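Engineer: Listed below are the residues making up each chain.
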Amino acid sequence: DAGVTQSPTHLIKTRGQQVTLRCSPKSGHDTVSWYQQALGQGPQFIFQYYEEEERQRGNFPDRFSGHQFPNYSSELNVNALLLGDSALYLCASSLAQTGELFFGEGSRLTVL
Amino acid sequence: AQSVTQLDSHVSVSEGTPVLLRCNYSSSYSPSLFWYVQHPNKGLQLLLKYTSAATLVKGINGFEAEFKKSETSFHLTKPSAHMSDAAEYFCVVSDLGMNTGFQKLVFGTGTRLLVSP
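If you're matching them up, the sequences are chains A and B in order.
For what it's worth, this note's numbering labels the leading residue of the first sequence as 1, then goes sequentially.
For what it's worth, this note's numbering labels the leading residue of the second sequence as 1, then goes sequentially.
Bear in mind the hints are in silico, worked out from the structure with no lab data behind them.
One or more of the hints may lead you astray.
[What the hints assert, rightly or not] DSS-like cross-link-like pairs, simulated, lysine-lysine; straight-line CA separation at most 30 Å:
#, chain 1, residue 1, chain 2, residue 2
1, A, Lys-26, B, Lys-58
2, B, Lys-49, A, Lys-26
3, B, Lys-69, B, Lys-58
4, B, Lys-42, A, Lys-26
In this text the structure is predicted, and so the values were computed from the model without any measurement.
Given only the sequences and the hints, what does the whole structure look like? Please build it.
Structural biologist: Set out below in structure tokens:
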């Protein structure tokens with residue numbers, strides 16, 4: 001049983017570019033959450049998707065957007081990249097609103 | 001809003017000695033609390049969780065934590081450290097959206113556990 005899988009594992013972008021990160025949830029899970037972990041910090045909640053809709057959002061600008069597909073997989077998009085967007089982006093899946101979260105290994109984004 | 005404070009950014013122990021990682025929480029209602037571990041270049045793994053059942057919670061790899069409401073604390077302990085325990089540990093509180101019913105996790109800043117031979 002595959003856990004939460006994320007792609008790509010590493011990527012490098014330059015300021016002003018756009019990036020798309022992908023996440024496949026654990027089998028049977030229907031809710032996907034995204035977190036940003038800057039170097040030396042704890043993860044910060046970005047947003048959460050359930051039934052293809054954004055259900056809850058953290059304190060992140062509109063440059064951060066997402067999508068959930070009918071198969072429950074999800075994408076995180078970041079536009080107009082800033083140096084400060086460099087971080088590990090973690091995807092977590094769960095069953096329904098309050099199930100236990102399972103995390104993927106993350107996508108490490110470097111913005112130059 | 002829910003929050004947690006990890007009192008130590010780094011903790012150093014010798015292999016075979018006890019581990020204590022400290023965490024205080026702030027919550028307007030009975031909280032759900034967690035400890036997660038993150039090994040280098042790895043994702044987050046749940047060690048244990050407290051959800052208002054027994055106040056002493058046992059987790060994986062010999063770790064346990066005690067919920068103390070009077071002290072608003074949820075410290076993580078292990079009787080004897082192993083080299084493989086060296087990692088980053090996060091104390092986490094669940095924040096349930098009052099209007100949405102969806103939970104999000106609020107992480108502390110982390111404690112790096114160093115284990116020397």
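Engineer: Checking one constraint from the list: CA of Lys-49(B) to CA of Lys-26(A), max 30 Å. Satisfied?
Structural biologist: 20 Å, holds
Engineer: Taking 30 Å as the top limit, are the C-alpha atoms of Lys-42(B) and Lys-26(A) close enough?
Structural biologist: With Cα atoms ~17 Å apart, Lys-42(B) and Lys-26(A) stay inside 30 Å; holds.
Engineer: Under the criterion that the straight-line Cα-Cα distance not exceed 30 Å, is the pair Lys-26(A), Lys-58(B) satisfied?
Structural biologist: Distance ~25 Å between Lys-26(A) and Lys-58(B) Cα, so the pair holds.
Engineer: Assess, step by step, whether the Cα of Lys-69(B) is no farther than 30 Å from the Cα of Lys-58(B), and give holds or violated.
Structural biologist: 18 Å, holds
The structure fails none of the hints (numbered hints given earlier).
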